Structure formats: C-alpha cells, structure tokens
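All residue numbers for the sequence shown refer to the UniProt record's numbering, where the first residue is 1 and numbers rise by one.
In short, the hints are calculated from the structure, not lab data. Since this is a predicted model, take the numbers as computed values, not measurements. A few of these clues could be false.
With a straight-line Cα cutoff of 30 Å, these simulated DSSO-like cross-link-like pairs (lysine-lysine) come out [to be verified]:
no.: 1; residue 1: K142; residue 2: K238
no.: 2; residue 1: K142; residue 2: K164
no.: 3; residue 1: K251; residue 2: K206
Here are the in silico distance ranges between beta carbons for each label pair [stated by the list, open to error]:
no.: 4; residue 1: N132; residue 2: E280; range: 45 to 55 Å
no.: 5; residue 1: S139; residue 2: N299; range: 40 to 50 Å
no.: 6; residue 1: Y235; residue 2: A284; range: 26 to 36 Å
no.: 7; residue 1: N317; residue 2: V134; range: 22 to 32 Å
no.: 8; residue 1: N132; residue 2: P175; range: 39 to 49 Å
no.: 9; residue 1: R133; residue 2: P175; range: 34 to 44 Å
no.: 10; residue 1: H244; residue 2: D224; range: 20 to 30 Å
no.: 11; residue 1: N132; residue 2: L320; range: 23 to 33 Å
no.: 12; residue 1: R246; residue 2: D224; range: 42 to 52 Å
Even for Gly, the Cβ is constructed at its ideal location relative to N, Cα and C.
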Amino acid sequence: MELCSETVATMIFIIFLIYCTSLCTGFEMKSIFCSISDSCDCDYKPDIKGLEWDLYKNVYGQHMVQDIVSEAVVKFLQNENPDRPLVLSFHGASGTGKSLVSAMIGRHIYGTAMGSPYIHQFVPTLHFPLANRVQQYRSDLKRWVERNLTACARSIFIFDEMEKMPPGVIDVLEPHLGPFHVLFQTNYRKAIYIFISTVGQEVVNKLALESRQAGRDREDIRPDELEESIADAVYNNKNSGFYHSRIITEKLITRFVPFLPLLRRHVERCAQRELCQRGECQRADVASSVGGAMTYTPNDSQYFSSTGCKLVPAKVNLFL
C-alpha cells in the first residue's frame with residue numbers, strides 16, 4: 001500500500017509539473033499539439049466562398065488569376081490530407097494585383113491579411129540582401145520554415161520580389177515542396193507557398209499585346225499558352241531567384257499564375273474602389289481623371305497601364 005501511495009504521489013507530482021510548465025510555455029505546448037494532431041486548426045478558419053467572391057469582385061482584368069487561384073486553393077483546402085503543399089508562383093508587371101491576391105488568400109484562410117502569426121512574408125531586400133551570404137541565408141530559411149511548420153502545419157509562406165532573391169537561396173526549400181520529404185512532428189504537406197515576381201512579365205505582356213492587335217478577346221487567353229514560357233523565363237533569367245533552380249526542373253510549382261497588364265478601364269475600376277473605401281463612391285469624375293492621368297504602353301498604341309493600379313491611391317489624392 002505504501003508503494004502504491006508513493007507511485008500515485010509521484011504521478012500527481014509529474015502531472016503538476018507538466019501543468020505548471022504549460023502555463024509558462026503555452027505557445028510551445030500548443031505548437032507541439034499542432035504538429036502531431038490533425039485536429040489542431042492553428043486559428044485556421046477557411047472561408048472558401050468568401051475567397052471566391054473576393055477574387056471575382058475585386059481583382060480586375062485577371063480572368064486567369066481568378067480561375068487558377070480559386071480552383072487551386074479551394075481544391076487544396078478541401079483536401080484533409082494533401083499529398084504535397086500548394087505552391088503558387090505569381091508573375092506579371094507591377095500593379096497588376098499579385099500582392100492583392102496574396103493578401104486575399106491570407107485573409108480568407110486566417111481572417112487577417114498579414115496579421116496572423118501563421119502567415120510569413122519574406123522580402124529579399126530585407127531578409128536576403130547580400131549575394132555573398134547565400135549559404136547563411138539557406139540555413140536561416142530552412143530553420144525558419146521548419147520551425148514555423150512545427151508550430152502550425154497550415155502555415156502560409158509568401159516570398160515577394162523573387163526577381164531580387166539571390167539565386168540558390170530558395171533551393172533549400174526543394175525537399176519541403178514535393179511529396180517525398182517528412183519533417184519531424186508535422187504534416188508539412190498542408191502548407192501554402194506563394195512566390196511573387198515580375199520576371200516573366202515580358203512573356204505575359206507580349207502575348208497580351210499580340211492578342212489585342214489580332215482582335216482577340218482578352219478573356220480568350222488561356223493559362224496553358226503562358227505557363228511553360230513563364231517557367232522557362234524564370235529558370236533562365238540570372239536575375240531570378242529561380243535561376244537554374246531544381247524547384248523548376250523537378251516541377252514543384254503547382255501552378256504558374258500569369259497576371260495580364262491592365263487596361264484603362266481596369267485602372268478606373270481600381271480608382272472607383274479606392275474612392276468607395278473613402279466614402280466617395282459617387283465621384284466617377286475622379287475615377288475617369290485618374291485613368292486619364294496614367295501612362296500607357298506601347299507608345300504607338302497606348303493599350304496597357306505602365307504601372308497598373310499601383311499609383312491609383314496617389315492619383316486619387318491628387319484629384320479629390
């Protein structure tokens with residue numbers, strides 16, 4: 001009986017220590033639970049219909065983006081046990097909506113754009129600024145990603161400005177992007193990776209221009225006309241973070257997503273949205289003035305906005 005009492009007392013003491021430790025390290029305990037349990041949601045609250053609605057209502061002039069992102073993300077989120085992560089690579093000129101769509105994905109999965117602790121954004125000029133420190137960056141990036149995947153398997157990783165990423169850094173993620181690598185204590189296949197780049201815009205813009213000059217409807221351009229050419233462009237461009245990357249040769253990108261250059265009517269819709277956010281929806285004259293104040297290319301045709309919607313807020317300030 002005395003031995004039994006001692007055993008019970010020991011067990012109670014151990015449970016008490018675990019409880020006390022969990023009070024001090026609640027986040028770490030939650031991270032461990034997230035890593036080993038499929039039921040842990042890590043604040044994961046996907047709003048699939050909201051994402052689809054947002055894409056089709058607020059992304060202008062990008063029918064391929066709307067279709068590809070909606071289909072890929074919805075299919076991925078509905079799969080309780082995906083065989084690999086979702087890896088999207090956004091390509092197009094500045095101001096065409098790449099960052100906007102990334103924020104939409106974050107907002108409709110975690111309820112916030114970039115405010116969730118499970119959404120991680122990397123900017124090369126901030127996180128990887130020196131070309132001679134590639135090996136250190138590779139080590140740091142691998143550790144950051146694995147630590148955050150252990151905290152939450154449903155993590156989202158966004159790599160902006162891939163055209164400024166030192167070649168070789170991103171390749172450290174190759175084992176994490178396919179179906180063949182297992183991380184300790186986590187189902188890494190539930191993660192989402194988004195790469196954003198202007199590399200490949202020449203391919204996209206060229207097809208958009210040729211289509212317009214041929215009298216072809218913009219909405220008739222299909223993703224399969226561009227995806228292989230974009231992959232070749234980023235693989236062979238020395239200024240691309242994917243330069244000669246095995247991520248490309250091993251076909252670990254789920255979808256290359258082309259963002260078309262915007263027309264004046266798209267710019268004016270961006271201006272109208274900006275005005276409505278300021279409580280000035282009725283100022284159609286301002287939206288028209290903003291559209292007219294933009295620079296368009298090519299010079300002889302004036303088809304596409306040189307800066308997309310990027311300068312719209314500043315122009316709205318000017319005309320209000």
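Hints, one by one, checked against the model:
1. K142 to K238: holds, 23 Å
2. K142 to K164: holds, 19 Å
3. K251 to K206: holds, 24 Å
4. N132 to E280: 45 to 55 Å: The hint (45 to 55 Å, Cβ to Cβ) holds, given that N132 and E280 are roughly 50 Å apart.
5. S139 to N299: 40 to 50 Å: holds, 47 Å
6. Y235 to A284: 26 to 36 Å: Violated - the Cβ-Cβ distance for Y235 and A284, about 45 Å, lies outside 26 to 36 Å.
7. N317 to V134: 22 to 32 Å: Violated - the Cβ-Cβ distance for N317 and V134, about 41 Å, lies outside 22 to 32 Å.
8. N132 to P175: 39 to 49 Å: The hint (39 to 49 Å, Cβ to Cβ) is violated, given that N132 and P175 are roughly 25 Å apart.
9. R133 to P175: 34 to 44 Å: violated, 21 Å
10. H244 to D224: 20 to 30 Å: holds, 24 Å
11. N132 to L320: 23 to 33 Å: Violated: the Cβ-Cβ distance is about 47 Å, outside 23 to 33 Å.
12. R246 to D224: 42 to 52 Å: The hint (42 to 52 Å, Cβ to Cβ) is violated, given that R246 and D224 are roughly 23 Å apart.
Hints 6, 7, 8, 9, 11 and 12 from the list above are not met by this structure, while the remaining hints are.
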